[in-house]
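*Asks:* Chains as they are written, first to last, in my numbering: chain A, 1 to 228; chain B, 1 to 67; chain C, 1 to 245.
The set of hints was computed from the structure by calculation and includes no laboratory data.
Every value quoted in this text rests on a predicted model; they were computed, and no experiment measured them.
Incorrect hints may appear among the rest.
As the list claims (entries may be wrong) - Cut-off 30 Å, straight-line C-alpha distance, at most; resulting in silico cross-link-like pairs (BS3-like, lysine-lysine): (1) B:Lys41 to C:Lys116; (2) B:Lys41 to C:Lys85; (3) C:Lys152 to B:Lys41; (4) C:Lys234 to C:Lys87; (5) B:Lys41 to C:Lys7; (6) C:Lys234 to B:Lys41; (7) C:Lys7 to C:Lys116; (8) C:Lys234 to C:Lys175; (9) C:Lys175 to C:Lys116; (10) C:Lys175 to C:Lys87; (11) C:Lys7 to C:Lys87; (12) C:Lys116 to C:Lys234; (13) C:Lys234 to C:Lys152; (14) C:Lys234 to C:Lys7; (15) C:Lys175 to C:Lys7.
Unchecked claim - Here are some chain A residues the structure puts well away from chain C; computed CB gaps all over 10 Å: (16) Leu28; (17) Leu71; (18) Ala92; (19) Pro95; (20) Leu124; (21) Ile133; (22) Val134; (23) Ile153; (24) Leu161; (25) Leu213; (26) Asp227.
Unchecked claim - Listed below are several chain C residues computed to face chain A (Cβ distance under 10 Å; list not exhaustive): (27) Val124; (28) Asp126; (29) Ile129; (30) Cys159; (31) Lys175; (32) Trp179; (33) Trp180; (34) Leu214.
Where a beta carbon is used, it is the ideal one built from N, C-alpha and C, also for glycine.
Each chain, written out:
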Amino acid sequence: MSSGASGSIYGALLRRQLTLALRRPVQLLNPALFFAIVIVLFPLGLGPAPDTLSMFAGGILWIVALLANMLGAETLFQGDYDDGSLDQLLIAEQPLYFLVMPYLLVQWLLSGVLLALLSPLFALMLGLPEQGIVVLMASLALGCGVMSVLGAIGAALTVGLRRGGILIALLVTPFYMPVLIFGAGAVNAAVDGLAFAPYLAILGAMFSLALALGPVAISAALRISADS
Amino acid sequence: MYFDSVAAALVMDGHGPYVWSAYGITLTVIALLVLLPIVSKRRLLRELRGEHRRNRQSESRSSVELS
Amino acid sequence: MWTFFHKLGSPPWLYGIAGSILRWLLPIAVVALSVGVVWGLLYTSPDFRQGNSYRIIYIHVPASVVALAGYYVMAIAGAVSLIWKMKMADIAMLAAAPVGAALTFVALLTGSIWGKPTWGTWWVWDARITSMLILLFLYLGVMALYEAYDNKAAAARACAILALVGTVNIPIIYKSVDWWYSLHQPASIKFTGESTIDPSMLYPLLLCIVSFYLLFTCVLLANMRVEILRRERKTGWVRRLVGES
Numbered sequence: 001m002s003s004g005a006s007g008s009i010y011g012a013l014l015r016r017q018l019t020l021a022l023r024r025p026v027q028l029l030n031p032a033l034f035f036a037i038v039i040v041l042f043p044l045g046l047g048p049a050p051d052t053l054s055m056f057a058g059g060i061l062w063i064v065a066l067l068a069n070m071l072g073a074e075t076l077f078q079g080d081y082d083d084g085s086l087d088q089l090l091i092a093e094q095p096l097y098f099l100v101m102p103y104l105l106v107q108w109l110l111s112g113v114l115l116a117l118l119s120p121l122f123a124l125m126l127g128l129p130e131q132g133i134v135v136l137m138a139s140l141a142l143g144c145g146v147m148s149v150l151g152a153i154g155a156a157l158t159v160g161l162r163r164g165g166i167l168i169a170l171l172v173t174p175f176y177m178p179v180l181i182f183g184a185g186a187v188n189a190a191v192d193g194l195a196f197a198p199y200l201a202i203l204g205a206m207f208s209l210a211l212a213l214g215p216v217a218i219s220a221a222l223r224i225s226a227d228s
Numbered sequence: 001m002y003f004d005s006v007a008a009a010l011v012m013d014g015h016g017p018y019v020w021s022a023y024g025i026t027l028t029v030i031a032l033l034v035l036l037p038i039v040s041k042r043r044l045l046r047e048l049r050g051e052h053r054r055n056r057q058s059e060s061r062s063s064v065e066l067s
Numbered sequence: 001m002w003t004f005f006h007k008l009g010s011p012p013w014l015y016g017i018a019g020s021i022l023r024w025l026l027p028i029a030v031v032a033l034s035v036g037v038v039w040g041l042l043y044t045s046p047d048f049r050q051g052n053s054y055r056i057i058y059i060h061v062p063a064s065v066v067a068l069a070g071y072y073v074m075a076i077a078g079a080v081s082l083i084w085k086m087k088m089a090d091i092a093m094l095a096a097a098p099v100g101a102a103l104t105f106v107a108l109l110t111g112s113i114w115g116k117p118t119w120g121t122w123w124v125w126d127a128r129i130t131s132m133l134i135l136l137f138l139y140l141g142v143m144a145l146y147e148a149y150d151n152k153a154a155a156a157r158a159c160a161i162l163a164l165v166g167t168v169n170i171p172i173i174y175k176s177v178d179w180w181y182s183l184h185q186p187a188s189i190k191f192t193g194e195s196t197i198d199p200s201m202l203y204p205l206l207l208c209i210v211s212f213y214l215l216f217t218c219v220l221l222a223n224m225r226v227e228i229l230r231r232e233r234k235t236g237w238v239r240r241l242v243g244e245s
């Protein structure tokens, strides 16, 4: 097995995941659409007063991003489980630990980075003070990476189940909480003019830890789901 | 005992209802935790004993038919 | 050492030994708890700031401590069952989950009852309460995942993975919740440093903590015995056991 050939399988997986996602542009934009719709709920529920909204904007944007990420996690392995290509992945000679990386990367690009790029629009609608916007984007980009890995663990555990939808939310939400705390904390610190870099550093540390340990759990969970 | 009377222990300077309800709920949950496996084990044993008896009866009946 | 380990994997041996442990451990646990509770409730002087409502800590603190320890018991049993494919370990893991969840619930409820006279409100989003609530969700997640699988062998392995992921995450969750709510009380029992709680209050509390641990062990063993019987119902030793009784 030459390194070039094993390198190409990861590239091929990456291309495949991206093609599959880009083939359905509407589905690709679904998380963003969900994000927009839920944002509308907050002025309706909390009242349209700009002061209140801009005070809570950082937290609101982060909570909605968390929910959007959770909804996106559910289908991560579903298609491959249904058409059997997941089994191909499991018997491949490359370690499953690395084979799930393309999935995570694409999930992160399409849910996290895309949402981070779109978030300034919604931030302006909620009246988030301007100094918070860049930090919001950075914290969402990092935090969604952590959440994509954690969501993938939940997705891998429930992929064989018919009624995985609400279960996955119950399983992964507790693990999302630290990310929410530091993500929203970073935005609020930036808005208040405090140091926000430590928060982003902690989010980055969480991302590294999740990327290092997450695939172990994901691959073990995928093997169990494939067996059952 | 710290309290002068049973009534004083029940009232606890106004905190009695809180303290006693907390203890009541906790001890109820503990009692349930302890009793639940006992009850379910007894039920399971009864079920298994019934199965065992039926098996033996069907065995003896088939041996009667054979003889 | 290894023969002991192999014996642990044998259902009839474990069933028997758990039964004989229970026979003397359960009475000890019940007596210890009764002594601890009566001592704490009636024979200690009230806290000078909180008054009598502080007596709730004699059940609240043990429940919280054992609830958290129960998660680690569950996760360690899960790891053993994943690594050595030991069936008895996943029975232990599944027996621990409902007990831990019940104790977490008790800790939350007693904490909230204690909060009413002390803070004037039933619920405060304080660091420890929030962490406890998250712990409850972690327990319920494991139980829900087990229920969702039809194939129970796969369910046990999936739960073991989830419990292990939870073990890695619990310190992170606790630290971040602590940080989020930095105005919490300092931990009042420290075994290493000088304790800030009066000895006359500490001894009944320690007794209660020990008795909660003993009770947890008893209920864990009792739950395991039931589950062993249920899984081994078709085997010879269970039939013999049933036939004798």
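*Asks:* Of the hints given before, which are not true for this structure?
*Replies:* 1, 7, 8, 10, 12, 15, 23, 24, 25, 26, 27, 28, 29, 34
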